[in-house]
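Using the sequences plus the hints, can you model the full thing?
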Amino acid sequence: MPKRILRVNMNNLEAKFEDFPADFAALGGRALTSTIVEKEVDPLCHPLGANNKLVIAPGLVTGTLAPSSGRLSVGCKSPLTGGIKEANAGTPFSQQLAKMRIAAIILEGKHKGSEYYTLKVTMDKAEFTSADKWVGKGLYDTYQSLFKEYGDKVGICGVGIAAELLGASSGICFNDPEGLPSRYAGRGGVGAVMASKGLKFIVVDDTGAPGVEILNEEAFKEGAQKLRKALTTHDVTKPGGALNSYGTSVLVNIINEAGGLPQRNFSAGQDDRSEKVSGEVKAEIIKERGGKRPHACNPGCIIQCSEVWCKPGGKDPVGVLEYESVWALGPNCGIYDLDDVGELNRACNDLGLDTIEAGGMMGVAMEGGLANFGDGKKALKLLDEVKNKTPLGRILANGTAFTAQAMGVTRVPVVKGQSLPAYDPRAIKGIGVTYATTPQGADHTAGYAIATEIMGVGGTADPMDTSKADLSRNLQVATAAIDATGYCLFIAFAVLDIPEGLEGVVDTLNGVLGANLTVADVPGYGQSIIDVERKFNKAAGFTEKDDRLPEFFLKEKLAPHNTVFDVTDEELDRVWGP
Amino acid sequence: MTILVKIFGDLRKKIKDVESDGALPLNLHMNTENIEYIKDILQKLSIEENETSHIFVNGVYAGFNKKVKDGDRVGFFSKNQALLYKWYFKREEDD
Ligand code: SF4
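Respectively, the protein sequence lines represent chains A and B. Each residue of the first sequence is one higher than the one before, starting from 0 at the first, in numbering that gives the first Met the number 0. Each residue of the second sequence is one higher than the one before, starting from 0 at the first, in numbering that gives the first Met the number 0.
Keep in mind the hints are simulated off the structure, nothing from the lab. Cβ atoms here follow ideal geometry from the backbone N, Cα and C, with glycine treated the same way.
Cβ-Cβ distance ranges computed for the label pairs, FRET-style: (1) B/Lys43 with A/Thr567: 41 to 49 Å; (2) B/Arg90 with A/Arg410: 26 to 34 Å; (3) B/Glu50 with A/Thr567: 38 to 46 Å.
What follows is the structure, given as C-alpha cells:
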C-alpha cells in the first residue's frame, strides 16, 4: 500500500484519501507542510478564513524503529505572524499516522455553522461526529473522556478554549504516551486555524496499519544502529547525560550564569532567584513527588528528555515543564516558584495556549499593570479570563503583541508578531540573528541544531561577536532538514560530534526512501525548504524590514553584560541575501 | 578579598562541610589568596577538570586558564550538565 494524503474538506464535512504525489516522495514533516502550504494557500488569504489550510505531516522516518524519530510538523498561514508556519511536536500520534501510511492530513474550507466536530481516522475511512459537548471544557478532563470513549490505544490531537476564541497564541495539543494533553505544536496560532474550520479533535486509530514502508532494510538497519550508538555514547544525549538527567531545564542555571536569561519582560539577563526554578531543583522535586523523570515524549526515544511534573503524592500530573515554558511563565514574569510555574503550565495546556507566547503575553500584561511581576496567583487569575471567554481573555489569548498594544506597552519582545523565546539576543547575538531572520517569527528551534563544522562554513562562536549571518543561516538550513525527517532536534548534539551518527541519519533516510543521499545533500535539502517558506512570506508582503528585532533590544542595555543587540542590518540581510 | 564561586549539579557532592539547600547551587565565598586562574580554584576544591562542563566568569564562558580576581563571580557546572549551543560560545582563556 503506497503513502496517502487525507484531504478533509470542512465546507461539506467530506474526508477522502488521495494518492501521494510522486514528486512529493522525498518530502516529509516540515518539507511537506511548507510545500503544500506554498502550493495550495493564497499568501494573502485571511489566516482564519476558508482559504487557509492546515497540514499535519509526520517526518520521513517517523513510525520506524529509528531512535528519537516520533516528531510531526503542523503547517499553515499563521494568524500570529501573517506568514508561513511550521510548529513541531513529539507524540505517539505522529507514529500512528506514519504507520497508517498517511503522509499528511490537509484540512481545508470552513464549516459554516457554529458547531465543532471530531474527525475519527481509521485505516480505510474518516468520519465526523459532533464535538459540541467538549466546547468550553479544559483539555485535561476532555482527553480523559476522549480516551474512555475511543479506547486508550488511539492518538488524539485537539484544540482548547483559547482556539475557540480564535486566539493567535493557541496551539494544537497532542497526547503524550500517558494520554496527557501535554505535547504541543504550540507556536504561531495553529490551534486557531484548526478551530476556525470547525474542527476540535482528530482521533487516529491505527488498528490494522501496515507500518512504514522501508525500501532498503539493510541501509535502514545499519543507519539506525549507527545513530543509536552515537546517541547512547554522546555526553549530552546518553542515559545519565544532561537532557536525560535534567531535561531542557538544565539550561535555566546555565543561561542565567551566561547573563542571557531574560527577566521580567526582558529587563535584565540574570537573577539568582531563577535558581529556584532550575532543572536540578525540578528533577529533585519530581523524584520526591513520584512524578516521572526521565520520560519519552514518544515511544522509541532513547534520549528521553521529557518528564511528568505533578503535585505532591504524584497527584494531578501536568506533563513536561520545558525550559522555554519554565522561563516564559517563570523568570520572564518575575515568578520564581516551581509550583506556580507548574500550575501556569497546567492552565496553558488545559486552555490550549502556547506556553512561550502565553509567558511573553504575561510579561507585557504585567508591565502594563494587569498584575505585579512575581504574582503567580494573579497570573493564574488572568488565564481564567481566557477560560471564561471575557473580552480581556480574548485580548490575552491573542498573544504578546496584541496584549502589549491593548495595554499601551512599548517594550514588545516579538519578531513578525511572535514572542521571543528564552535567550536574550543582547547577550547571545547568534540566536538574535535567527530570531530576526527565520521565516517563522522569533523562534529558537529554527536555528538551533547541528554545527557549523558539518556545514563547512564557519561562523565565529563568541556570543558577543556580531558577524553571525553564516552561523545562523547554516543552523537554520540544517534545522529545516532535520524537521523534515521526523528526528528530534536533540539528536543534533550527538550527530554533530560523531560523524557516524550523521551518516546514520542519512542511511535511515536512504533506507526508507530507497535513495542514495549523502551527508553532502543535507544543506541543499534544508535550503530548499527555507526557499519555499521565504517565497510564501514574500508573497504575503514580508520584506527585510520584518527581519529585525524590536527597537528596545537595540537601545536598552541588558545587565549584567550591559550590551545592546548591535548586529547591523547589513549583517542580518546577509543571512538570505546575495 | 573574595571570589563568589557557584557550584552546580553533582559537583556539589564534592564539597564537604557545606550544607546544601535542596538542589540549589552552593555559593562559596573563596579567599583569593593563591588563586590566579580558574584551575587554581578547581585545585583548591579538589575538583578534576574533566568533572566539569561549563564554566562562567562574570557571565563569560571560560576555560581553565582564565584569570580571576577579587569580586569575580565564577560558576562551575558538572559533567552531566553539558548542554550548550557550543557554536554560540567560545571559551575565553588568558594565556
Ligand atoms: S529527546 Fe525529548 S523532545 Fe526529543 S523526542 Fe526524546 S523525549 Fe521527545
